[in-house]
Every structure is written in C-alpha cells, then in structure tokens.
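Since the structure of chain A is already known, use the hints to place chain B on it.
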Amino acid sequence: MSIVKEAAVTQDTPASAEVKRGTEIRLDHVTKDYGLAVPAVDDISLTIEPGEFMTFLGPSGSGKTTTLNLIAGFETLTAGTIALNGTEVGSLPPHKRNLGMLFQNYALFPHLTVAQNVAYPLRERKLPKPEIVRKVAEVLELVQLTGRDDNFPSQLSGGQQQRVALARAIVFDPKVLLLDEPLGALDRNLRASLQAEIRRIHREVGSTFVFVTHDQEEAMNLSDRIALFNAGHLEQVGTPEALYRDPETLFAARFLGDSNVFELDERPHSATTSWHGLTWAVAPHTVAVPRPSLSHYAVVVRPEDVNVTRSASEAPRGTNAVPARVRDVEFMGSYRTLMLEFGTSGVVGRARIDASESQVALGDEVVASWSPERQRIVAA
Amino acid sequence: MTSLDTRALLTASAPPRRGRRRRDRGVDPTPWWLSMTGALVAMYLILPTLFVIPMSFSSSSTFQFPPKNFSLDLYVNFFTKPVWLTSLGNSVLVAILAAILATVVGTAAAVGLDRLTGRVAGLMRTLLMVSIVTPGIVIAVAVYASFLQWHLTGSLLGYVLAHAALGVPFVLVSVTSALGGFDPALLRASASLGASPLRSFVRVTMPLISRGIVTGAIFAFVTSFDEVVIALFLRAPTFQTLPVQMYNSVTVEIDPTISAASSLIVVAVTIIFLVPQLVGTRKKNR
Numbered sequence: 000m001s002i003v004k005e006a007a008v009t010q011d012t013p014a015s016a017e018v019k020r021g022t023e024i025r026l027d028h029v030t031k032d033y034g035l036a037v038p039a040v041d042d043i044s045l046t047i048e049p050g051e052f053m054t055f056l057g058p059s060g061s062g063k064t065t066t067l068n069l070i071a072g073f074e075t076l077t078a079g080t081i082a083l084n085g086t087e088v089g090s091l092p093p094h095k096r097n098l099g100m101l102f103q104n105y106a107l108f109p110h111l112t113v114a115q116n117v118a119y120p121l122r123e124r125k126l127p128k129p130e131i132v133r134k135v136a137e138v139l140e141l142v143q144l145t146g147r148d149d150n151f152p153s154q155l156s157g158g159q160q161q162r163v164a165l166a167r168a169i170v171f172d173p174k175v176l177l178l179d180e181p182l183g184a185l186d187r188n189l190r191a192s193l194q195a196e197i198r199r200i201h202r203e204v205g206s207t208f209v210f211v212t213h214d215q216e217e218a219m220n221l222s223d224r225i226a227l228f229n230a231g232h233l234e235q236v237g238t239p240e241a242l243y244r245d246p247e248t249l250f251a252a253r254f255l256g257d258s259n260v261f262e263l264d265e266r267p268h269s270a271t272t273s274w275h276g277l278t279w280a281v282a283p284h285t286v287a288v289p290r291p292s293l294s295h296y297a298v299v300v301r302p303e304d305v306n307v308t309r310s311a312s313e314a315p316r317g318t319n320a321v322p323a324r325v326r327d328v329e330f331m332g333s334y335r336t337l338m339l340e341f342g343t344s345g346v347v348g349r350a351r352i353d354a355s356e357s358q359v360a361l362g363d364e365v366v367a368s369w370s371p372e373r374q375r376i377v378a379a
Numbered sequence: 000m001t002s003l004d005t006r007a008l009l010t011a012s013a014p015p016r017r018g019r020r021r022r023d024r025g026v027d028p029t030p031w032w033l034s035m036t037g038a039l040v041a042m043y044l045i046l047p048t049l050f051v052i053p054m055s056f057s058s059s060s061t062f063q064f065p066p067k068n069f070s071l072d073l074y075v076n077f078f079t080k081p082v083w084l085t086s087l088g089n090s091v092l093v094a095i096l097a098a099i100l101a102t103v104v105g106t107a108a109a110v111g112l113d114r115l116t117g118r119v120a121g122l123m124r125t126l127l128m129v130s131i132v133t134p135g136i137v138i139a140v141a142v143y144a145s146f147l148q149w150h151l152t153g154s155l156l157g158y159v160l161a162h163a164a165l166g167v168p169f170v171l172v173s174v175t176s177a178l179g180g181f182d183p184a185l186l187r188a189s190a191s192l193g194a195s196p197l198r199s200f201v202r203v204t205m206p207l208i209s210r211g212i213v214t215g216a217i218f219a220f221v222t223s224f225d226e227v228v229i230a231l232f233l234r235a236p237t238f239q240t241l242p243v244q245m246y247n248s249v250t251v252e253i254d255p256t257i258s259a260a261s262s263l264i265v266v267a268v269t270i271i272f273l274v275p276q277l278v279g280t281r282k283k284n285r
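In the order they appear, the protein sequences are chains A and B.
Number 119 in numbering that gives the first Met the number 0 belongs to position 120 of the first sequence; there are no gaps in the numbering.
Number 249 in numbering that gives the first Met the number 0 belongs to position 250 of the second sequence; there are no gaps in the numbering.
Next comes chain A alone, as it looks inside the complex:
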C-alpha cells in the first residue's frame, strides 16, 4: 500500500502532460469483490494525471479490466471512490460519465454505416446536423478513413473497424479515453501501425488515455506510465523505463522483459551479498524497498547487462561474476542470446551478446559478469 501511494506521488510528471487538457482520474481504495475467495480488485489507490497515457498491465485475471470497467461504470464499486477531476462518479451510470471507450471486438453497430456509427454519440448529445456532419468528417480524416462514410462495418477490415471505433470514441471530445485491449484481435503488423496511430491521436487530442493490455511490449511502447497489476493489487506504478530498470519485485522484473534471477536467503544489509558461496557487491540504491507481504529477495540482472568472458580474469574490474556453462546459442539477427547455466546451481539464465562475437560456442565454460550498478535486488 505505502509503496503504491509513494509511487503515485513521487513519480515525475510525464512530458506529454504539459498541455493539461485531459481529466485527472483518482482511484482511492478501490475494491471490487464478487464474493469469491479473493477480491477481483483489492484496495487500489492510483492517480492518473490529466492528459497522461496510463497503461494497466498485468496477466489475465489480475484485475486490470475490472478496474477499467469500474472507471467506465460497467461494474459497481464494492468499496472506495473514483473521482474524475475531483468529482466523485462512483454512483453515476456509464452513459453519464462522458468517457470514450474502445473495445477489443470493436463493438461497432452493424446496422449503421461508418458515418452513422461515428455520429452516434453526437446525435445522443443533440448537436445540430451541420455540426455533426463537420465533426464526423474531421474525425474520419484524423483516423485516415475519409471516403468510407457509407460503408457498413462488415465491409471493413479489422484494423479499419477499430479505427472507426476510435473515431467514434473521440468524436465527442471525451476527457478520458478507455481502451480495453483494443489491439488484441489484430495481427502483428496492424498492431504496430495502430499503436503509432493511437500515440499520434493521444498527442493530438490531449485527453487522458487509460489502456489495458497484457502485452508488456505494447505497454512499454505506448505509455507515459504503467500500472502493473498482479492478483487484484498494484504491483508497481511508474514510467516504462523505471519499471524495466528498477523493478520493485520479482513479479515486476519477470513480467517486463527477460531477467536472470538469483534468489537470496535474506535482504542484503551490508555492501555485499552472497549467492551459492560467491560474494557480490551491492550498490545501496539498487536495493528495493521491503514489502510486508514478501519475505524473500533476489538479484535480478537483465540479459543485455551481462558480459560473457572466457575467464574470471578477463571480466571487467569491479563486476560481480559467476561461472556459467553455455547451454544454447540463439541467433536473433542483430544479436545472439546465450542460454547459461550458472555454477552448479542449476539456475538458468540468458545473456545477450553481439552477433559478430563468435568466440563462444555450445558447451563452453565461461564467466558471466555485470556491474553492481546494473543489478537490482527485488522482493520476491
């Protein structure tokens, strides 16, 4: 709890919030309990800044979609409050919250044309006809679908349909856009181009975006900040870089990117720690804050921070080192990934080396080393 609050307060404001046009969303002790063994959303407090691109990331069943639905009003709160720009909306029905929403299956109205779909929220708001026509044309241009006005959704491709849905969700200038895994049903290439589109539109319209995904890559590409969900609570909140570089927990380290994990018996108290008889240096600022629910600790090193040398003497000075055996080599184009087995522990990890580096071969005995600055000691 304390960590979450701290994270929300002390995070540096993202650059895109310079133009504060969006709405602030404040979740305070938000809980949703379906009466099962564990609450779906368990006491979440989080402030989303105006104009921020916030991503809810987490495995399925971690409560991220439920939290989004609570903001949208499709679920009722068990406890806690949700406030938009300081106004409590917990008891407001969804149609009165003035939030745009994008769904994974697009949810376009099949009996209406593209133009009629996009005009839907404007007609609900009883705008005069000429203004509706103008706004629809504008937004269709923004999503690059000019000229498809009279098509029915079934005549469009998946990517085009999601763009119509995006146009429909932003045409009425909602202060918040909620995106519920909107790219989940699209193939890889389309995903990438729509990601770029969503980023561009976020910059142009300046509303607060809340994006739900289980895809860590997507989350890192798009977000100003990421809220990492795990089993109904917030694991960590921060910029993509902060989450990747300074994970607080083993879960966070494992969920975002690859990690080499060395489990420790206790939280390191001095400037050194030991793992299977090896002594490693510890930089104090790389040690994560303790968590009451987690009693174990682990050293986490990213594969790209691992140097592989023939012997311990070749390893750069001042690094932490561990003997390893090369179990597999994967050629990835611009780099190679080595699968390493560390010492006699049976612990397996990865190192990323230059593709032109050809000295290392399968079965070699090597030494893996890394700077103490690049390791992270997380709660597990």
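Hints are computed from structural coordinates only; laboratory data are not their basis.
Quantities reported herein were computed from a predicted structural model and do not represent experimental measurements.
Incorrect hints may appear among the rest.
Estimated spans, in silico, between C-beta atoms of each pair [claimed, not checked]: (1) B:198 <-> A:292: 45 to 51 Å; (2) A:292 <-> B:114: 34 to 40 Å; (3) B:137 <-> A:36: 21 to 27 Å.
For every residue, glycine included, the Cβ atom is placed at its ideal position computed from N, Cα and C.
Structure of chain B alone, referenced to chain A:
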C-alpha cells in the same frame, strides 16, 4: 397455423424433375419413394384448402363438392351480410391489439430474461411458455371463470387480454432466438457514447432484433385471429369474432358462406406470413 406449414411444404417439396436436369452428380439422386412420400404429405396438408377454395365459388346454398356452377354469391354474402363483416372487423381489431400487447410484453420478457441466468431465468421462461402446452379448453375455462367475475366476458378488453396471453410465448421464442445473435458489448459501447439504457434499446437493440420482433408479432396476430375456443366462451351477442361466427354458421345455420370466409383467411394469413421473408430479403439487398 396450418397455412404456414402448407406454405413451407409447398416450397420445400418442389415437383421432382428427374431427367430434365441432372445437376448434382456427386450427391445421391432423390429416390422415387422419397419424392412420393413428400408429395403425399404435401397433398395431405393442402387438401382441405383444395376443397374449400373451389367450394367458395359454388352457387349452391348448401355445401357441395365439386361445385356445380361457378359464382361469386358466397363472396357477395360475406361482404354484404353485416354479421360476417362485423365479426371480421372484430377479429382484425382483437388480433391487432392482442399482437401489439403480446409483442410488447414478450419482447420485454425476452430482453429481461436474456440478461438473467440460472434457475430463476429457466423457471420464468417455462412459466411464460405454459400457455403453449396447456390445452386450449383448460385455458378457456380458466379465462371464462375469472373474466365472469371481472365482467370482461364479451368485451374487447377481455378478448385482447386472453389472446395476448396466448401470443406472448411466440414472441418470447422468436425474440429470444434473435437476441442469441446480439452482441451485448454493443450496449456497453452505446452507454459509453452517452446513450441511456432506453435510448440504447431503441437505437441499437431494436433494429438488430427487428426480425425476431416482427416474426413474433405475426405469430401473435395469427394465433389470435384463428383462436376459437376461448372466443366461444367469451362471446356475447354484441361482440363475436370471425372464427366464432364461422362455427355458428355451420352448427346453427348451415351457411356455405364459411367457405368464402375460409378461403379469404387462408389467402390473408399466407400473405401475412410472407411479410417477414420479404422484409428479410430487402435488408439483405441493401
């Protein structure tokens, strides 16, 4: 009801045209006995109509088949005798009002039950379907007994209420099946775009399940239009429906005008049942 079955069979069992066209080489040819059986069943179902329609053009004042002379006397009778025209008017009025009521109630029930799950929903559904499996005479007696107390016998309201109750299950079934293909995420989308639940129903749900609603309404209309048992119990000298008048015309007075009335009903009901199909094709062409 029978006219629907007849129509379906008429279109399904097209005359066997063996020899003329042999398109489907890969598929087994239809054996002769299957075509025969089909033709026999079709005959069995449309035979009454084949008797009634020629008879309606008879000039005789009694029932006669085959008719000796061709005449339109019976149709003239039907359209000039006030007793026939009034009862036709009553029937149409009752059927329209009953269909409207049944459609509103049945659609509301279907939409409501669609959101419910579990035992309660199943129980409610069964309860609403009871009138379809209850013998007409049982319903008639129950309706008669209670309507006597409430002074509803022989009144338009009484007919409409009783017939609407018979029509509800048909609407429930057809709207429920239409809702099966309806994506509830559309309602969330509609709400997120600022539409109240009622507006969402009117602008999203209704257009998408309109075929189910229209089909249900037509079934409700026809159910009321040819209902005779309850109508017999509720009839009053001042108000009776066409089926009751037809029943009277053969039991009380032997009046062959009934064959003209029957022919008209067969034609009218067939046309009504074709409506949703025509609506459907127009939608598809768009």
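Check your understanding: Is 45 to 51 Å a correct range for the gap between the Cβ atoms of residue 198 of chain B and residue 292 of chain A?
Key -> At roughly 46 Å between Cβ atoms, residue 292 of chain A and residue 198 of chain B fall inside 45 to 51 Å, so the hint holds.
Practice item. For the range 21 to 27 Å, tell me whether the beta carbons of residue 137 of chain B and residue 36 of chain A fit it or not. Key: violated (50 Å)
Practice item. Given the hint of 34 to 40 Å, check if residue 292 of chain A and residue 114 of chain B actually sit that far apart at their C-beta atoms. Key: Holds, since residue 292 of chain A and residue 114 of chain B (Cβ atoms, about 38 Å apart) stay within the stated range.
In this structure, the one hint that does not hold is number 3.
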